[in-house]
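Novice: So the protein lines, in turn, are chains E and F. Using numbering that gives the first Met the number 0, you'd call the opening residue of the first sequence number 0 and step up by one each time. Using numbering that gives the first Met the number 0, you'd call the opening residue of the second sequence number 0 and step up by one each time.
I should point out that these hints are in silico values taken from the structure, not numbers from a laboratory. Some hints could be false.
As the list claims (entries may be wrong) - Just so you have them, the derived chain E footprint on chain F, three or more residues with Cβ under 8 Å:
{"id": "1", "stretch": "21–31"}
{"id": "2", "stretch": "184–195"}
{"id": "3", "stretch": "359–367"}
Claimed, not checked - Counterexamples of contact, computed for chain F against chain E with all Cβ distances above 12 Å:
{"id": "4", "residue": "Val12"}
{"id": "5", "residue": "Gly14"}
{"id": "6", "residue": "Arg85"}
{"id": "7", "residue": "Pro181"}
{"id": "8", "residue": "Glu210"}
We put the CB at the ideal spot given by N, CA and C, even for glycine.
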Amino acid sequence: MAVWAAWAALGLLAVVLVSFYVSWRAGRLDRLHTRLETAWAALDAALSRRAAVVQEFSAGPWVEPASAVLLADAAGAARRAGDAGASGAERELAESDLSRTLRAVLEEPGLAADCPGGQAALREVEAAAKRVLLARRFHNDAVAHTRQARSRRLVRVLRLAGGAPLPEFFEIDDEPPRIPGSFGAL
Amino acid sequence: MRVGLVCPYTWEVPGGVQQHVGDLAEALIGLGHRVSVLAPCDEGAGEALPPHVVSAGRAVPVPYNGSVARLAFGVRAAARVRRWLREGAFDVLHVHEPAAPSLSLLACWAAEGPIVATFHTSNPRSRAMAASAPALRTALEKISGRIAVSEAARRTLVEHLGGDAVLIPNGVAVHRFAAAEPLPGWPGPGGAIGFLGRLDEPRKGLRVLLEAFARLGRERPGLRLLVAGPGDAEQARAALPAGLRANLVALGRVSEADKARAYRSVDLFCAPNLGGESFGIVLTEAMSAGAPVLASDIPAFRSVLGGGRAGELFGTGDPADLAARAAALLDAPERRSGLSRAAQEAVRAYDWRTVAADVVRVYETVQPAGASAVAADGGTGG
Numbered sequence: 000m001a002v003w004a005a006w007a008a009l010g011l012l013a014v015v016l017v018s019f020y021v022s023w024r025a026g027r028l029d030r031l032h033t034r035l036e037t038a039w040a041a042l043d044a045a046l047s048r049r050a051a052v053v054q055e056f057s058a059g060p061w062v063e064p065a066s067a068v069l070l071a072d073a074a075g076a077a078r079r080a081g082d083a084g085a086s087g088a089e090r091e092l093a094e095s096d097l098s099r100t101l102r103a104v105l106e107e108p109g110l111a112a113d114c115p116g117g118q119a120a121l122r123e124v125e126a127a128a129k130r131v132l133l134a135r136r137f138h139n140d141a142v143a144h145t146r147q148a149r150s151r152r153l154v155r156v157l158r159l160a161g162g163a164p165l166p167e168f169f170e171i172d173d174e175p176p177r178i179p180g181s182f183g184a185l
Numbered sequence: 000m001r002v003g004l005v006c007p008y009t010w011e012v013p014g015g016v017q018q019h020v021g022d023l024a025e026a027l028i029g030l031g032h033r034v035s036v037l038a039p040c041d042e043g044a045g046e047a048l049p050p051h052v053v054s055a056g057r058a059v060p061v062p063y064n065g066s067v068a069r070l071a072f073g074v075r076a077a078a079r080v081r082r083w084l085r086e087g088a089f090d091v092l093h094v095h096e097p098a099a100p101s102l103s104l105l106a107c108w109a110a111e112g113p114i115v116a117t118f119h120t121s122n123p124r125s126r127a128m129a130a131s132a133p134a135l136r137t138a139l140e141k142i143s144g145r146i147a148v149s150e151a152a153r154r155t156l157v158e159h160l161g162g163d164a165v166l167i168p169n170g171v172a173v174h175r176f177a178a179a180e181p182l183p184g185w186p187g188p189g190g191a192i193g194f195l196g197r198l199d200e201p202r203k204g205l206r207v208l209l210e211a212f213a214r215l216g217r218e219r220p221g222l223r224l225l226v227a228g229p230g231d232a233e234q235a236r237a238a239l240p241a242g243l244r245a246n247l248v249a250l251g252r253v254s255e256a257d258k259a260r261a262y263r264s265v266d267l268f269c270a271p272n273l274g275g276e277s278f279g280i281v282l283t284e285a286m287s288a289g290a291p292v293l294a295s296d297i298p299a300f301r302s303v304l305g306g307g308r309a310g311e312l313f314g315t316g317d318p319a320d321l322a323a324r325a326a327a328l329l330d331a332p333e334r335r336s337g338l339s340r341a342a343q344e345a346v347r348a349y350d351w352r353t354v355a356a357d358v359v360r361v362y363e364t365v366q367p368a369g370a371s372a373v374a375a376d377g378g379t380g381g
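Only chain E is shown next, with the shape it has when bound in the complex (with noise of 0.2 Å):
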C-alpha cells in the first residue's frame, strides 16, 4: 500500500514538473511574440513617417520640380503598398524603391542649401530614413530569434505557438541617404 501511494505521488511529481517546465517554455515564446509584435509596430510606424515625411519635403520651395515629381511618386507608391500594415513582397519592393530614390535626390550637392527652412526638412527626411534602418533591423532580429525558439522540437510537437503564423522577415533595401555635411554614424 505504502509503495503504491509513494509510486503515485513520485508520479505526481513528475507531472508537476513537467507542466512547470513546459508552462515555463510557452511562456518564453509568448514574449518573444510580444516583442515581435511591438518590433512590427515600429517598423511600421517608421515606414509610415518616413512616407509621410518625404510627401512633406517634396512639396517644400526647395526642391526642383523633377526632384520633387520623384520623391512624391516614391513616397506615394509605398504609401499605398503599406496601407493597413501590409507587409509581403510588394511592399517591400516600394520601401527600397523609396530608399534609392531618396539616396539619388537627396545626395545630390547644395540641395536645399539657401532655402529657409531647408536645411530642418532635411533633417528630418534624413532622421525618419535612420529611423527605418533602425527598426528594421530590430524587426529581423526579433523574427530571427522567434524562428529559431519555433523551431524546437518541443514547441512544435506541443504546438505552444498556437495558431500564429511563422513570422517572416522584412527585407528591403533601407541604406539611408548621405546628406553632405550630416553627422552620426547610422
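We have chain E already, so just place chain F on it with the hints.
Specialist: Same frame as chain E, now just chain F:
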C-alpha cells in the same frame, strides 16, 4: 527620457566599457535625459562617485574566459539590480556587454520592458560566449534593440547569438582633449612633432617617422619628437643619427589625462600608420585637442580627415614626402592654425554628443511613445 545604464565591470578600474558607459551617461545628461548608472563599485567609493552612478556592491575576482575578471553575481547582486530597477522606473534599460556573467545579464533577466544592449567584445573565437550561448538565450531574448560598437563586434555577436545589430561606434570626449594643458616646456622654441602608439608595432609606422625626422633634424637642430606609447624607446633612438638622439623624448605608456596633454604639446601630430586601422581613434583624439595633423594616406585616415581638408595627408610609408610636408607645415603657422580649426570642426561628427543622439534614436525605436516603462519582474525570472 529616464534611462538606466548598466555597466558589468568595476567602475573604478580603467577599461573600455567603463569609459564608454561614463561618457555616454554624461552625453545623455547633456542632451537633457535623466540617467542612472548601475555598476559594481569598491567599498567606500560612495563619495568619489559621480552623482548619477549607483553602486551595486563589490565585484568578485573569478576565472572567466581564460583570465581572472572582476564580476558581480549572486543573489545579493540580483536583489540590488531589482531594487534599482524598481526605484528608477526607467523608460529604457540599456545594458552593456550582457553576455558577460555580471550585472548586465542579471538586469536582462530581472527586467520586463524595452531593453537595449551594446556589445563591445570583438573576438571571433570567444570560447566563453560560444559555450554559454544556450544559457544566455533566455535572458538575451528580451533585448529588443542590439547595438555593436564595431563591425568586428557585430560579426562576433551574429556568429554566437544569431540575429542582427546596428552599428554605433564609440564616441570621442572632444571637450576633455580640447581643455588639456600642454606639458611644461612644450612645444618649445625649436618646434615639436608628436607620435602616439606602440613603438615596436611596425604597422604603426614609427620607422617612417624616424627616417623623416632624421632628414628634418639636419636643418632644424632644435626640433623635438615627442613619442607616447609602450615599447622600447632605446631601440627607436638607435635608429636616429647620434646627434639627434637627445631630441627624441619618450613618455612611455601614458594615462588618459597625460595623453590629452601630449596632443596639446606639439606643433604637428603625425600618424604614419602603414594600414590596418579601421577607424583612427588616435586621429580623432588629436583633432579634438586641436593638433594640426599630418597622416598617411590610408582609407580610414582619408575619411576621418575629410579627404585632406581637416589635416594633411602624405604618401603612405614615404619618409621623403613626410619630411617635405612636415617642413612646409612647421614653417607656416597660419596653415597650421587653419588645419587645427578645420580639425576641431570635423571631429564634431565623432563627438559623444553626436553618438549619443544616435543612441537616443535607438531608444525611441524600441520605446514607442506611450509604451510601458521598464519593470522588475516578480523574482522568479522566467
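Novice: Please write out, lowest number first, the hints stated earlier that are contradicted by the structure.
Specialist: 1 and 2
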